[in-house]
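Same order as they appear, the protein sequences are chains A, B and C.
With the numbering used here, letter number 85 in the first sequence gets 85, and the count goes up by one each step, no holes.
Residues are numbered in the numbering used here as their position in the second sequence, beginning at 1, plus a constant of 191.
Residues are numbered in the numbering used here as their position in the third sequence, beginning at 1, plus a constant of 439.
Accuracy of the hints is not assured; some may be wrong.
As the list claims (entries may be wrong) - Facing chain A, a subset of chain C residues (Cβ under 7 Å, in silico):
#, residue
1, I684
2, S726
3, A727
4, A730
5, A744
Since the hints were derived computationally from the structure, they do not count as laboratory data.
Built from N, CA and C at the ideal position, the CB exists for glycine as well.
Chain by chain, the residues:
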Amino acid sequence: MSAAAYGAHAAEPSHARTGVLLFIVSEVTLFGAFFASYFVLRGASAAWPPTPDLHRPDLPLVALNTLVLLSSSVTMQRAVAAVARGDRASSSRLLGATLGLGLTFLLVQAFEFSRNGFGIGDGVFGSTFYTLTGFHGAHVSAGLLAIGALLRRANLGLLGAANAGAAEAVSYYWHFVDVVWLVLFTTVYVL
Amino acid sequence: MPDGDGPITRDTSARRHALIVGLVWAALSAALVALALNVPFQLTAASREARVIDNAFLTLLVVSIPVFVLVEVVVVYSALRFRATADEDGPPIAGRPAISVAWVATTTAMVLGLAAFGWAGMNEVLHAQHPPDLVVRVVSKQFGWTFEYPSLGVSSATLRVPKDRLVRFEMTSSDVLHSFWIPEFRVKQDVVPGRTIAVTATATQVGSYGVVCAELCGLGHTFMRAPVEVMDQVAFDAWATAVKAESR
Amino acid sequence: MSAVPLSRPSRAGLVREGGLVRGAIAGLGGYALGALLASALGSAKGVEDPTPHAVALGYALGVVGWIWGLGGLDGWLAWALGRERSEAPAAEGWRRYLAFTTDHKVIGVQYLVTSLALFVVAGLAGLVIRVHLAVPSSKILGVGDFNTAMGLHGTIMIGVALIAVVGGLGNYLVPLMIGARDMAFPRLNALSYWILLPAGLAIVASPLAGGFDTGWTAYPPLSVRGPLGQELYILTLVTVGASSILGAVNFLTTVMRLRAPGMTLWRLPIFVWAMTATAIIVVIATSALAAALTMLLFDRLLGTAFFDPRRGGDPLLYLHVFWFYSHPAVYVMAMPAFGVVLDVLPVHARKPLFAYRLAAISFLAIVVLSLIVWGHHLYVAGMDPRLHGPFMVLTELISVPTGVVFLAALGTIWLGRIRLTTPMLFALGWLSNFVIGGITGIFLADVPTDIQLTDSYFVVAHFHYTIVGGMIFGLFTGLYHWFPKITGRMYDERLGRLHFALFFASFNLTFLPLFWAGIHGMRRRVADYPPELAGVNLFVTVAAFAMAIATAVFLWNAVRSWARGPRAAADPWRAHTLEWRTSSPPPSVNFPTPPAVGAPYGYGARPPAGEAAGK
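Produce the complete structure using the sequences and hints provided.
Below, the structure is given as structure tokens:
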């Protein structure tokens, strides 16, 4: 860093971004370990689902939900751009949209779970399904809390070009959660 | 490597230090290697696998000794001979690329050599040379072993095996992880519930030994043992016949 | 930061303001809330005994309450709610150490003191084990108590090994060494420390909950069935892991973004390189432990089947995921000690660090290799045998970069001008011990020999040589070397040397015989052994007590010197790294202006004519 920047230690935008990216690395391992477990256990199972009474959720609803989550990444990215150019109205609108889409995703998923017909205790099928989707859902929820905080700050006029770093950092996390969902959707629901 | 370096003038005292250390290192290493090769320190080796494994151990030991001695001699020598006698600095030597290269090359070569040797030993121990002469089913549970001989229709609480025969142990657990270890055979294999795991061994010495559980399996782990008897084929056959007769 | 002098808080203030009292109350409140919620949910779902569920959810909410009560969430909450944060007056003096202080120097000391306290607790557990094992057929402990004592000793010591140098010396020194004023995320730093206390409480309380009989590795299926103490074990390790990850993110961001102007990578002290490499491992690998323990917890609480072979699960899955983290973890324990030793040797031998850049690069090589060798813990576990050979080769290859650490150390002391100060003695002790630890590792990396040696006392001796002989000796090296900087006072040199002599001798006498015991068939984690091993075990027990006495000497020296030792100069060792450019102890603002950065190991006055300049 330059000598001029030395004194201004606290909360540089680049710190938050770097921190979140590093944290995402540890999250990759977390989900990676769960996915690896899924593949190992599925590979060792003669059939998948292992018993005929279990069946995977219907694809159309989940595919729709996937679009919902993907859209939220789009709105999040546009929100970051709005924050960077100091557009308070758009920032609020887009952050609100992201929040709404994220909540919708969770609600639809809860609805889907209620119709699943199997629980987390139903052998390795239920164990892997709910652990993976559950951890993903928990990460979505945490992300929504952060987005909610950004929304509140935007509404209060506290989010602007000067502190866009926080919004960017949150967006990295949000996109990561989205990517995890794409992998999850493909492996657990499709393949 | 751009490590800074002082003028490369060779001085006799530096050479002398190296020479002394070299001599002490060689003498001490030779003495310890001689000890390692001549003082018996291993448990009885009662199987073919034991010989291979003990050989591997001795090889590693003989290779390790000079490495260990080098470090200790340099540490002790430096502590004694390079003491500061006044408030002075040492020479500004930040590195000698030739030495670094030699060091990395030598350690890499040693390690790869040891790995190759280990790979060969591994194959000798873990790959059965021919189909087994006898199959024993080992049933493990908290906290004991049962040995079944399917070909003989016999079951036993003592593991009896004939000498010089390749025995295949097919092992199951009905509860938690256990591990089948006969120290004198140098045979060890964890037993995992939900699958049958096999390990082979050829006993080469008649005698009484023991199999112990080597994976913490609960409160009775310490006491999870069974006797092992290695017998001549004739004695073994006699035992099998007697047990079968008894069970009728 | 300017601090308003704090008068003793009123009783109402103790509850209204963030602090230990409010933290404890909120922690208990959170626990009660979580326990109630889980019990209610559990009963609603027909769970027979919702106690473990209550403990788990109670612990989670308890930790949140604890941190909130300490005032640790105030900053983030204010940000999230868009409120102006009213700066509460910062604590002063010794009170800073009992508060949610964000100064990395305070946090470093908090970590060090906590680590030493836990070291003593775990050491006592170790002594209990040794007392029981002093004679065969011992009736001193019941088997359950023995297993718990052994599990406690291992688990707490692993925790200490992970946080003592990294959290203690790392936190204190890294910002100073790179010329920064603090870590990149000071509040996160404090959070990383304070969540460790509930974790420590949980593990220390586990004997009261029935203990756990699986050792620190907690292999299923045994660990799925164990008593409530197993839950506490899981919760402790998950917390320590989270603290680790947050700390590592902090370290990496700090080293990447907060180096002073002129602090190029090749001017970083080797300790910073070691901390960076360590942090990379932590960020990459630690979550695997979280995953393994989560699946274990779910098998226990939610009826999942991850490790239940009767329902499609596989116990070996746990071993793979667990060791994917736990092997690199040993380098998290060992590398910071490498960094300490390599940073101390040049100062006390007054000679540049030999092969500095090669050593730094070796740390990165260790990072890469450490992540792909975990299978050597599974040679006899039933792993696919085709994997044995590759894991063996890769594991043995780690000796090469580790060997470079020895090249650097030996090359530094060779032809130096050595002062046999206590830090130097411990550094030399590290050299002597770690070569044994490293070499015996090869015996375990080699498949044929590992077959016989794994799960025996040979392994126990090996890892005590690397962790105690390596990490603990490195810790003491650093504690003595930086004692004057951290405390502003000098330790007693004679007591330091006495500590070294006693500890080095007793450590070697305790653990060297255990190699022999392993070769002679003594299994690990057993409460009894054959009579022919009685002599060895008795000898080892006596030697272990000598280790305890040595440690007591250190503690006495540390406490007394901190309280009443002679005031230390800013730079008593005349060292060149930046932490010595501040007062002893440093002011609360490390560097008011950016410090002048030079080479870290510029020792070696121009030699008089004819002086040796070659090896």
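Here is what the structure says about each hint:
{"no.": "1", "hint": "I684", "result": "holds (5 Å)"}
{"no.": "2", "hint": "S726", "result": "holds (4 Å)"}
{"no.": "3", "hint": "A727", "result": "holds (5 Å)"}
{"no.": "4", "hint": "A730", "result": "holds (3 Å)"}
{"no.": "5", "hint": "A744", "result": "holds (5 Å)"}
Violated hints for the displayed structure: none, as all numbered hints are satisfied.
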